[in-house]
Each structure stands twice: as structure tokens, then as C-alpha cells.
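Visitor: Here is how the chains run, residue by residue.
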Amino acid sequence: MLTAVGSLTAMGVALGGMLGVAARLLAVEEDPLELELQAMLPGSQCGQCGFVGCAQAAVALAKGEASVTLCPPGGKAVAEQLAKRLGVTVDLGDQAPRLPVYAVIDEELCIGCTRCVKECSVDGIIGASKLMHTIVAEVCHGCSKCAQVCPTDAIRMVEIPLTLAAWHWPKPASTHTH
Amino acid sequence: MNPLMKQGTLTHAAILGVFCLGFGIFLGLTELATRDAIAARAMEDRQNSLGQVIPASLHDNNPVIDNLTMQDAEGQNITIYRARKAGQVTGVAYEIHGSGYAGHMKFMLGVDAEGRVLGVRALSHKETPGLGDKIEIKKGDWILQFAGLSLGNPPAEKWKVKKDGGQFDQFTGATITPRGTVTAIRHGLEFFAANQAQLLEVH
Amino acid sequence: MQEYILLMVGAALVNNVILARFLGLCSFMGVTTRIDTAIGMGLATTFVITVSSMANWGVEHYLLVPYGLGYLRTVTFILVIASAVQFTEMTVRKVSPPLFQMLGIYLPLITTNCAVLGVALLLVEGKMTFIAATLFAFASSLGYSLVMVIFAGLRERLALAEVPRLFAGPPIGFIVASLLALAFLGFSGISTT
Amino acid sequence: MATTDYGRIIRDGLWDNNGVLAMLLGMCPTMAMTTSATNGLGMGLATAVVMAASNFMVAAFRNYITREVRIPVYILIVAANVTFVDLTMNAWMHELYKVLGLFIPLIVSNCLPLARLESFASKEPILPSLMDGIFMGLGFTFALTLIGAGREILGSGTLFADASLLLGPAFKFMELRIMPADMGVLMMILPPGGFLVTGLVVVGKRLLDIRAGKGIQMAGAHSV
Amino acid sequence: MKLFPIRGGIHPEYRKELSGERAIEALPLPSRLYIPLQQHIGAPAEILVSAGDLVKKGQVIARRQGPISAHHHASTSGRVVEVTEIPAPHPSGLPQPTIVIEPDGKDEWAALPEPIADPFAVAPEVIEERVAESGIVGMGGATFPAAVKLHLGIQYRIDTLLINGAECEPYLTCDDRLMREHAEAIVDGARIMAHTLGAPRIVVGIEENKPQALAAITVAANPFPNIEVAALPVKYPMGSERHLTLAITGLETPARKLTADLGVVVHNVATARAVHQAVRLGRPLIARVVTVSGGAMREPKNIEAPIGARVSDLIDFCGGFSQRPERIIQGGPMMGTPLPNLEVPVVKGTSGILALTADEINERPADPCIRCGACVNICACGLTPVELAAHIRHDDLEGAAKLGLSDCVSCGSCSWVCPSHIPLVHYFNYAKGALNARDREQRKTERTKTLVEANAARQERLAAQRAAARKPKAAPAANEVQA
Amino acid sequence: MIGGEATKSGPFAHSTNTVQQTMFTVILALSPATLFNLYLFGWPSIFLFGVTIGACVIAEAICLALAGRPVTHTLSDGSAILTGWLLAMTLPPWAPWWIGVLGAVFAIPLAKQAFGGLGQNLFNPAMVARVALLVSFPVVMTAWIAPHPLFSASAPGLADSIAITFGGQVPDGVTAATALGYVKTELSRGIPVFQSLVEYGRGTNLTYTPDLMDLATGYKPGSLGETSAILILIGGLFLMRRRIITWHIPVTVLGTLFLMGTLFNLLDPARFAPGLFHVISGATFLGAFFIATDYVTSPVSEKGQLIFGIGVGLLTWVIRTFAGYPEGMAFAVLLMNSLTPIIDQYTRPRLFGRTRKGEPLPLKGKA
Ligand SMILES: Cc1cc2nc3c(=O)[nH]c(=O)nc-3n(C[C@H](O)[C@H](O)[C@H](O)COP(=O)(O)O)c2cc1C
Ligand SMILES: Cc1cc2nc3c(=O)[nH]c(=O)nc-3n(C[C@H](O)[C@H](O)[C@H](O)COP(=O)(O)O)c2cc1C
Ligand SMILES: Cc1cc2nc3c(=O)[nH]c(=O)nc-3n(C[C@H](O)[C@H](O)[C@H](O)COP(=O)(O)O)c2cc1C
Ligand SMILES: Cc1cc2nc3c(=O)[nH]c(=O)nc-3n(C[C@H](O)[C@H](O)[C@H](O)CO)c2cc1C
Ligand code: SF4
Ligand code: SF4
Ligand code: SF4
Ligand code: SF4
Ligand code: FES
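Residue numbers (the working numbering), protein chains in the order written: chain D, 1 to 178; chain S, 1 to 203; chain F, 1 to 193; chain E, 1 to 224; chain P, 1 to 483; chain R, 1 to 367.
Hints were generated in silico from the structure; no laboratory data involved.
Since this is a predicted model, take the numbers as computed values, not measurements.
Yeah, the Cβ is synthetic: ideal placement off N, Cα and C, and Gly gets one too.
Worth double-checking, as some hints may not be accurate.
If you want a taste of the chain P side facing chain D, the calculated C-beta under 7 Å gives, among others [stated by the list, open to error]:
1) Ser-77
2) Val-80
3) Val-83
4) Ser-92
5) Asn-429
6) Val-452
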């Protein structure tokens, strides 16, 4: 009985000590996951995901509180990247593909208020105060923030047309029916 | 080194140590409480298995305690349990081994002073359920046919399964297990024959 | 020599830890979605099983048996295993960071892998010598790794098959394991003594 | 959890989040001890006792256990409880003890108790933890008995054979013979049958869940 | 000549006899010509004419833009009716800017550049320039601007020019006819190209099933000791650039490298003839030989058609359909693409127009893959199509990419051989396209990110400046605190 | 399609191969051996053969219907018939009807349809069924009988045959050991292999004795698929000619088995049977030509098939020689099936222009 208690206690102390040492030696720094995730997001801080910006979105993602499909500007590419990093699977097939859009300013309606210019995080809107503004279609990433602030609703979001270069074959229908 | 670290280490060691101490005591007490019961169970197990191969009428001692250790033909230690009545050794029991289809088989063999089988029981085996496990008393009375037989009865060339020209039935579709069993019993009896004097010797 | 070979074949194939003895099944069902992972888990487990079985052999023969502490076997063995795992983790991290990268994540899983404790208990039951015990432990864990890797290969292909929804995931995994165990029954009857 | 939903704990343990059928934990005893319904029942009950006691203890001590040593302490607690069960069964339920043999000690590394300690008992108060231990344990027992029954019926044609050894002579009535002797599909009590019947039972659970409109949960891609 | 084996390959039903014995006929001038701005790999050409302009035959109407692009010329004289968007000869049927010319029937040549009297005496750059001015693109299928490829002689040491007369696609006989009827022009074009590339050796590779072409080229090449003719075993896809190079030189082109890295440049026979015409006659590429064939075609023919003629014009010239075609495709049956309609024009890369019957296509609903391994054994690129398709079906495009999706030349052999009729190549085409789209999206995201950063940096700078402007005195104080 | 966007990419030419044609060619190749054996074992074997195939087809139909997939189209691919056919060829010819039915249950729902049907299964369905039956009913599954050719004096009548197949009443004295089984049991009691081989040939201790001529023609006890090696071989060569199978698997299976047998037989003829004996007995030929070659469960690349064949040969020899079962072909096939995905992964062909590791080839000596 005494040997039993003694030897067990001794082992416990030894093991506890070892673990204590181990815990110290092997302490891991803060999880760099958030930073990594943040790097994957577009960084336009547009807020479409429902978070204040990309950093918060990354925090939520890291905690598993947000879906990898949260970021509309990032689209499928970002969702897949996130999914891969987080080791989750997403069925992007079911997700209705959000057609890429860009913003167009109706020249008739624009009063040159420059509010949209300040909204645009990619400097995609050109034009001086009081003059008509235009949007560089190649640069616009379709966040639609400018459209939201435009006082005359001069900004429309337009689908990017499909070109020969962008077209590709659709996925063949599955041979299995279940 | 960092004092914090030392403290942490000690804390952890202490926590685990305390738990070990606590559970050590807990288990020690449990063991104390169950020790006798477990020993009694172990004794019962032994007696049970011996009881099946040595009829109670043959002895007035406790064969489990009345044992001696000998070496068999291969030099392995075997424990011999002896049944005595009025001081005379009336029978002995010991473990015998055989190899079956799926490996090692262990039996307890009881032999009376004349070298006749008192009884055989399988103690452990890995034979296939439904096939080879018919050597168990629970699954059939095949094993009972050995009672009363001895080395000369049947004659040595009949101490085989029928398939090998002997007198013992094999099970349908499973010859290996009975063959191993028959061989093991025969070897057991040969051991008795070789060591009869020593086995029956009264101290 | 021959008896050692038979012992090892028996431990690895005939009485395979996973398919015949039913040990380590949680990791078998859990960490076999990819071959690399299964290889990692196999390596880590092989190491831990071998080392901790050696240690436990010592504990059994120099502590438990001499002092009649058989009833503490479970407790001491599992403590030894936990420390072996921790120890492995520390040494591997120190000695070979790349290896740690590969094995590190599996180590915590191994403490609760029945195969480790199971093999140690089998050793005690079998009353083996130190060498036999070490070989047995090593061969058992090789058998474990082999089946892990095979199963992972099968599951990688399964992931590309059109398994009906009702069976997808664990059920088909069990069925595959069942058929694998069926195939391994072919080794039964190989005499290992 | 402000108010504890005991109904939830019970439902989770017995069915929804069943340790074997949904979480795929504790697979080793599930396979090894289900050659008959009686064995499954016995193993399940032994595990349930250990789980209840361990959950209770961990919940009671949870504030004194630091993160670093929690796994060893949990294991120690489980191991101690297992040894307790082992000794008492050996002493007072000897027949069953002989059947369950090697697998009593292995409750220690059965992933299920440890998983519940990690994910439930280390966070919740004593009473819910105890309940969780009991009902997870009973759910485990249920699953093992079910699988055992399936294997036993198919494999040897009986049901609850030797139940009286486990539960006492009063339960002799449970011992049924479903098919004539020698009609069993031997494979079912061999290792392949263990995996097969478990797989089919999981499919059965899915079918019931679908019928109840719950849909398939794809659980069990990982352990612990 | 010693040849080297290539892995895999198939032997489809060739059906070259349908049009093989029909000499090349010129297409009567159609009522309208539709000349798209993009008939080649690279940037679309820049338009030089507008509606109402009168153009002459051979006049440049669209100019190349950027390093990889090609001129386009008026195929006949007439008036530009409009510049509009019409469906491209492309499976998507997407509209594409196209110049529509109404021929005036006079077929009057514009002022052509002077023929180069002795091309072997001029600098390679001169030839390159002429080829570029003539709008020549590779006519073997890839439509890569030929001048760019001729420029390779500057960067690499080229020792062999391979002239690709394999024509391994079933049905097609345009190269065969060209070689039979214009062997000398081809040999001359090849010599000019070899000179331009600085290649001492020329090998013309022709599959053995074209004995007359082999004979014709052998005769034409006879005077030139540096030209060899290789009779290639009949095996699809022998005509693929890399496989041809392997078969003839024994050199295997490393992935992501060009055959030029091995000192080999491959050109099609029609390209050689076009070069001959441009150099010796000053004529730009305004017409090409098209095989019009297929079981549903009443009268299969080899037609020399002006670029811009509509497919329906060619079909009418062949007497229309003899039965309802299951599909009309452009190119050969193995690598060709379905046409969106019959009003699309013939372009520089159109080698064939095939009207195929259901029996010829022999397409069936896909069955599950039985893992027969046929696709693996016949893939000339060493791919495992069965695995690739499985990954793609499960949306694991990266997995497919890892298995070498990008190395697939879309030869179609695997789909052809598959007993389960799984549309393997369709899976690969889809996956390649989807991966490209993903890359484009990724690049856009990257660019957006840099722009956002630039914007943020500017905002910060502005804010700092404003702050500095507002309280110039606070600034030193802040500095002090920091110090 | 003329007009509008095209929905299907090329190629627009396809070979005439179909799954259906493949399967029925295999069936054709099996027919000579099957007919001979049905003649050899008479009505009971014909009944069992019919029951087994029928059960497989019905099982497949039920599974397809439950899965909501086209029943007639998929059934017509012939794979279920082939599975049933091959299973029937590996059963003891006079086994009771329920063996065939239960076999179908193992083969089709369990080993095939649970995985998603044709092409998706990881293990050979017929072999899964055979092994499951063997393990579950070792007695029934090892009850071989001596040949009782149709219309011969010893052949059971129709009524007796019905009693045999549907009543399970096999008359006494008709069973006979197969050569493999005989050698194995004799060895287990210490009779050297060469001696038992001679005894088997002479018929000592046996109710039925095939002479050498019988062994060659297949007039001997065994399953439908194992007696006549010659007819199986002819079928196999026919399949090779029709390019349904290639030489890789059959040759390596036979070769490895022969080599192992010969080698060890030279070392110790008392313990190990000769190579030729291994090759001509048991299911060697059926396994090598028809079972190990099953596309679905063997590697796709030729190199993989070589490894697979060597593995099957080796494991068959190991199991026959050391393990409890006299015949190891079925187990060997299943074991190698389990390795197929891994073999496939490591035997992919080298990509054109790349090294084995997938890196682009280095440019040699050119600038
Ligand atoms: C799954 C399986 C289990 C077996 N188990 C046993 C067994 O427990 N005992 C045995 O003697 N033979 C066993 N056998 C061996 C065979 O039944 C073997 O053919 C038989 O023993 C040979 O003897 P026979 O002459 O009676 O057929 C087993 C075979 C199989 C397939
Ligand atoms: C400088 C240079 C770069 C080229 N780059 C490519 C390329 O990136 N992709 C490509 O398909 N062809 C490229 N080519 C053209 C190839 O050499 C070849 O003509 C073309 O791939 C068509 O071959 P195919 O029809 O066999 O695919 C390039 C040619 C030159 C001269
Ligand atoms: C599968 C395949 C088959 C091809 N077959 C031919 C062919 O038969 N004849 C040919 O000229 N080009 C063929 N090509 C195109 C050649 O690879 C290469 O692009 C062409 O010969 C280069 O010549 P060009 O630039 O003059 O067109 C084939 C390409 C591929 C991918
Ligand atoms: C050459 C060849 C051999 C085959 N062998 C088998 C076999 O051994 N067992 C079987 O169940 N099916 C066999 N099949 C049929 C088919 O592949 C089988 O039903 C699939 O395994 C079911 O997915 C074979 C088919 C072919 C073409
Ligand atoms: S939607 Fe995307 S880009 Fe916009 S803030 Fe959220 S994460 Fe950033
Ligand atoms: S939508 Fe407007 S604000 Fe957003 S990127 Fe485009 S132009 Fe800028
Ligand atoms: S050819 Fe078709 S059926 Fe055969 S392996 Fe390839 S994809 Fe599968
Ligand atoms: S299409 Fe691609 S994968 Fe198919 S055979 Fe040709 S190169 Fe190979
Ligand atoms: S119970 Fe989980 S590994 Fe054994």
C-alpha cells in the first residue's frame, strides 16, 4: 500500500515536473493564423462581409465564426483559398455565382460632388470637383460603395461582359444520378 | 533561470503529484478491500477447473494448495495438483498444451493413480467459434469421451482422430483441432507414465 | 531467429493490431483521409509504441511484479505512455524540427490510442523476454502503420468515388475496413509459434 | 450555459451525438466487445460507470487543474476509476470479469471518456457533467448492445446468450435462440463482422434521422 | 531515317478517302466576307478601316498590336460595309469585332510589296518583316504568329526546322493535297524559313498513309541535300509539335519549354507555302485550303477559300448536306470545335469543316468509368485521364493540376478510346478554363490589394500633411517626446 | 445543335468500345470452361449457377432502383451477370442454393453498390463474396465433389439434383478433396508433400482418384472455375487477342507462383509443393486471367499491373503454403485490391517533358 502510494506519487511529481518544463520550453507564440487569413482577403475594407473590415473578418474566420464565403469582392478564389487554409470544405457549386460587376457613372446625372471619389479604395474614380466623373473599369473591383454614397444615383453596377478570352467550357453533367 | 518558470514547473509537478497521491491512496484502499475477494475468486477458478477433472469423491484435501512443480519433457515447469484421500495420492491434474488451428490450446488433464483419464477440459484456445470450439464442454460433449481411457486403452496406434486411422471422431470440416487435442492428451498421459513414481510419491 | 521472425509476422499480419485485435481504431477511422497523414501517424505511433513498450516492460519487471503492485498496472502504464509521448515530442522538436513538423500534430492523439496501451498489456500477458517484447511491439506497430497506410490509400480513392449519400463517410469506411479485415483473414492459420 | 438543458444532454448522449454512432469514438471496445449482445451490454455498463465517475471528478476538480497537466490528470482520473472497476468486478462480478478481460484496462485509453472530459466536464459544473457522463455512457452501452445484438443474431443465431451470467439468474428469460445452431454467418462474429455491422448500424441511424427530418450529419472525420 | 517511338497514341478511323482524291478547288467569290480582328493567338489586331471604305485585295485592313499579333488583309477588293460584332467561329458563339466586306467582283490587287528576289541573300530580319507584314500565322492549328516564331533564330541556336506534314487528324486532307499539288512551293517556303532561322537542316515529316504526298515532297526536295523526308508511322497524335520533335529527333521537350530550346522549330506545310507566297510573290495570307468533308456532306472537297468566306458558302459549294448532320465542326474531329452556326467565317486557322453523322461521332451517354486503363495507356503525354477526371468531377481542380492537367495537349485520344464514353477532354477543357479564370480573379484581387495599399498610403500622407499644416508647432513637440 | 452555344466539347469521334461489349466478351471467353464444368458436375451445378447469376442480377436491380438510377440501362452493362458468373465458378458445384443467394448479397449490395456501383468498388465483388462465404461456412464451402458427368451412370437424376441444390442433401460418398486441400491436410499431420502428391495421384485414402490424364483435362474435383485449366487458358488467350486484357497481370501471377513454388520446392521438397503443381491446381488460371484482371480493382497502368500480378502470385503462394486455407487466390486478390490505390499512385506514367517527380526535364547542353 505504501509502496503503491509512494511510487505513484513519485511518478506523478516527476511527470508533472517534466510537463511543466515542457510547457515552458515549448510555449507557442500567438496564433499567426489571423494575419495569414487577413493577407488572403482583398483588403478593401468594404464591409460587405458584415464586419468592420478585413481584419475583423479575419478574426471571425480564425475563430470559426464566419463562413469562408463571407467576402463577395474576393469571390470564389478567395473563398477557396480560405477554405484550403482552414481545412474546411465548401460546396461552391451550390453557391449562386455572383457575377462580377463594375461601376459605371451616368454622365447625365453626375454632378461632380466627388463623394464617390473619397469612397473608392482603389482610386478607380477620376474627375475633379464639379466636373463629370468616370470610373476606370479595369481597376474597379465592384464593391459598390460609391453607388451607395452617390446623391443622384448616378452610379450603376454593371455586369462585366463575358469575352472570348474569359469563356470556358462548362462542367460536364455528372454521369451518376444520385 | 527564470524564477517564474521554476515556479510553474513546481506547480505542475505538485498538482499532478497531489492527484497521484490521492488516487494512489484511493486505489490502495480499493485493493485492500478487494484483495481477499479476488484471491478467493482466483482460488475458486482453480478449484472449478480442477473440480471438473478430479471428482470430489477422490479427495479430501484441497488440490489447489497441494501442488508441486516438475519439469516436462521439454524442460518446461509444470504445476501438478494432487488429490489425496487419506494421505494416498488418488489422482493428479496438470495443464497440458496442444496446437490447434489458430494456435495454442491449453487443457487441464486429470489422471487417476492408474493412469486413466479422469477428465479433460479446455482452459483456453483460439479455435474458430462454431468449428474448433466444440472442444469446449459448453459447446458439446466431445471432450467427455476421453474419461476412462488410458495409454493402452485404446492402443497407441488408435490414439488418433479417425481421419488418421485412429478412433476419435473429428468435427465435420475441422480436423486440426481434434487432432491437436488428441495429441495433447496422449502426450499428457505419456508424461504421467514417465513420471508416475514421482507423481504418486507421498511426502 | 526463426521464432522471432514468426513472432513478428504474427504480430504484424496475422494478429494485426487494427484488423484482428481491434486496437487503435479511432485513429484508424480518424486520421486516414490522406496517405501522407497516415504515414506520419504510423511513424509517430511506431516510435511511441516501441519506446513505451520497452519502458513498460521495465516497469512491469522491476516495479510492479517485485512489489506486488499488479493492480496499479493500468495507471502506471498510462502514465509512462503519457510521458513517453511528451518525451518524444520534446526530443523530436529539439533534435529534428522537420520531423517534428511531420509528426508533431499526431503526438497528442497517440496518448489516447488504445494500441499503445493494448500492446503493452499484451506484452505483459505474453510474459515475453525484453528482446521478444521489443520486437513484438515494433512489429505490432508496423502492422498498425501498414494497415493505416493501406486504408488511407483506399479512402483517397473512395473520396473520388460516387458513394451514395447514405453510405458516404463513416459507413463506407466501416465497410471498407470490414472487407480489409476479411482479406487479412487469409493470413489466419499461419503458425506463429 | 446559463440554464442547463438536461433534455439536450440526454438526447445527445443517447442518440443525436451518440459517442459511437455519431462521434465514432471508443471504436476499439465497440468492435472487440460486441460478439454478443451480452458482452456489449457488460462493456457498455462498465464504461458508463467509469465515465460518470470521471466526469464527476473532473468537474469537481476542474478549477485546480492547470492546462499543461490536464491531459495526464484526466488520464490518471480515468485510469484510477478503471482500476477501481477492474478490482471490484474481479472481486464481485467475476464471471463478467472473465469475459471482458483485456478490455477493462483499455477503457483508460478509450477515446470517448477522455473526449467527454475535454469537451464537457472540464467546462461544466458537477451536475451536468455527471449527467453527461451517465448518458454518454448509456448511449455507449446502447450502441454496443445494438451492435452486439446484430452480430450475435447473424453470427450465432442467439440473442443475449449468457445474459444470466452478467445480470444474474433472474435474467435467464432474455437468452433467446433466433436461428437453429450452426446456421450462423460465422463472419459476423469475426473481425469483419464487427466493422460491417457497425457500418450498417450507422446507416440505420442515418435512415431514422432522415425519416425524422434531421438530415445526415457527416460526423467523425477526426478523432478526439 | 531513324525514327523514335512516342508513347501511347491511337488509330482512329481516318476516312481520308472521302476527300483525299479531290484536287484543291477555288471557292467562287462569295457575296460578303467577314474578317474578324482576332484570328490568331495574341492581341487582336487594330482596325484600320471603317464602314464605307474601299479596299483592294491584299490591302492591310487591321494592323498587329503588340509583340504577339498579326495583320489582317482584305481577301478581295470591295467596300467595307460595316465593322460590327458577329459570332466568332468559336464554340461559345460570342460576338467578336469583324470587318464585313462586300466584294466588287473585280478582285483587284492592292500594291503589293516587291517580291524578294533572292531571299537567301537577305538578312533574316527582312524575311521576318515580310512574314509579319503578310499576316502569316501558324496554319497547323495553333495560329501562332509565324514571324514571332521565325524570330527564334535570333535567341536560340536552331539546327532543325521540322515541317509538319503529319496531318494525323482523321478526315483532313488539306495538307495532303497541298503537298501533292504545291510541293515545290512548300519546299521553297521551308528553305526560306530555315534560312531565316539559321537552321542547317530541314526535315519534312509525313505520315505513311499519304504516299503521293511523300513522293511529291521527296521529288521537290531532291535538289536540296539539307532536306530530309521522314515517313512517319500512322499514329494519332503524331502531328503534335512536341511528339513530332521526339519522333524525328529523339529529343523530348521539357515541360514549359519550347522546342526551340532543343534547337527545333516546327511549322506546318501550309505555313511554309504561305511564307513562299509572301516572299516570292509579295502576297499576304488571304486564303487557305479547307477540307470540307464528313459523312453528311454531299460532295466532300478541298477548297481554297478566301479568309472571311462563310462556312455556309463552302457547304453550298459542296452541294449541301446529303443527310442531317449531327454536328458541324471546324478542324478535325479529334481537336476541332463545334461551330455555333453556319454563318461564321473561315479564318486563318480553319483547316476543315466537317458535317458528321451520329454514326461517325458514335457518341453515347457516359457510363461510369470501369478503370479499364485504356486512357492511361494511350495518352501520349503520360497523363492519367481517369484520375484527372475524377478530381475534376469532385471539384478538386488543384488536384487535377498537380497530376499534370496543364501538360494535356487536348488531343482527344483518351475520350476517343474510353469504353464508358466519358467526356474526359471536356472535363479537362472545363478545368483548364476554370483554373485560368481563377488565376485571373486572383490577379485582380492582388492588383486591387496593391491599389488599396497605395490609396491608404496616400490618404495617410495627406492626413499627415494636413495635420502638419494645421499645427506646425505641435510637430517638434512630438519629436521631442519620441527622442 | 446548329445554332446557339455548343454544349459538348470534342472529340467528335469515338472508338466502338463499350462497357457492355467488354463484359460480354469476357462472358464469352468464360463459356467453354463453364459449359464443360456444367457437364462435368451435372444438374446441381447448373441449378447453382443459375441461382447465383439470377440472385446477382436481382440484387443489382433492387439496389439500382433504391438508388434511383436507371435500372435496365445499367443492368444491361453485363457487369452483374459477370460477377455472378465468376462467383458461381468459384463455388463448390453442389453447394446449396442459399450459398449462391447469400454470395450475391455479399457481392452486389455490399461489395459493389454500397460504393456507388460499377467502377466505384475497391474490392473484387465476386472474391469478396467467395471469401465471406468461405469464412462463414467453411464446411459447406470446402465440400468438393468428384465429377459426375451429365447423362453418365453416376450423375444424380433431376429429382436428386433438386434435393441436392434446394434441399442441401448431398449424398454420402461423393465428396473428394482437391489436390491443394489434400496436400495441406496431409502436411498438417506430417506427411511430406511429395508423398501426398503421389498418394493423391494414386488415390490412397481417397474416395475418388483422378489419373494424370484427368488432371490435365480437368476431370477432377473442384469448383467450376478450377478444374479445366486448359479451357480457362483458351478463354484467357482469347481475351488477350481481343485486347480486353493485357499480358501483364496473368503472366506475372503465373510466373511468380511458379518461381516461388519451384524455388522452395528445390530447397525442401517435403515441405513445399512444386511450382508446376501450384500453377495447374486451384483457381490459378481463373484468377490470373479473369479475376486479378478485373479492371475496376486492379491498377490502371501497366507497371502497376506488373506489381499487382507479382503481389497476387506471391500472396497466393504464401497463403497456400503457410496459412490455414488450402487456396489463397481469393485472399491474395483482395489483399492486392487493397493496395491498388497506393500502387496506382506510385506507378503513374512519367509525364511528357517531365521527370518522374514532375519537374520539367533539364535542358541538356543547349542554350
Ligand atoms: C474460417 C475458418 C476457420 C477454421 N477454423 C478451424 C478450427 O477452428 N479448427 C479446425 O480444425 N479447422 C478449422 N478450419 C480449417 C478447415 O475447416 C480445414 O479445412 C479443416 O480443418 C481440414 O480438415 P477436414 O479434413 O475436416 O476438412 C477453419 C477454416 C476456416 C475457413
Ligand atoms: C517566343 C515564343 C513563345 C511562345 N510561347 C508559347 C506559349 O506560351 N504557349 C504556346 O502554346 N505556344 C507558344 N509558342 C508557340 C509554340 O512554339 C507553338 O507554335 C505553339 O505552341 C503551337 O503548337 P501546338 O499546336 O503543338 O500546341 C511560342 C512561340 C514563340 C516563338
Ligand atoms: C494533338 C495535336 C495534333 C496536331 N496535329 C497536327 C498535324 O497533324 N499537322 C500540323 O501541321 N499540326 C498539327 N498540330 C499542331 C502542331 O503542334 C504545331 O502547332 C504546328 O505544327 C506548328 O506549325 P504552325 O505554327 O506552322 O502551325 C497538332 C497539335 C496537337 C496538339
Ligand atoms: C477482364 C475482366 C475481369 C473481371 N473480373 C471480375 C471479377 O473477378 N469479379 C467481379 O465481380 N467482376 C469482374 N468483372 C466485372 C466487373 O469489372 C465487376 O463487376 C466490377 O468489379 C464491378 O464494379 C470483370 C470484368 C472484366 C472486364
Ligand atoms: S467583404 Fe471582403 S473586402 Fe470587404 S471588408 Fe469584408 S473581407 Fe474585406
Ligand atoms: S464600385 Fe465604386 S468604389 Fe468600389 S471599386 Fe468600383 S469604383 Fe471604386
Ligand atoms: S478509358 Fe474511360 S473507362 Fe477506361 S479508365 Fe479511362 S476513363 Fe475509365
Ligand atoms: S486529351 Fe490530354 S489527357 Fe487525353 S490523351 Fe490527349 S493529352 Fe492525354
Ligand atoms: S477506443 Fe479510440 S483508439 Fe481505441
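Visitor: Let me make sure I understand: some of the numbered hints might not hold for this structure. Which ones are they, in numerical order?
Guide: Of the numbered hints, 1, 2 and 3 do not hold.
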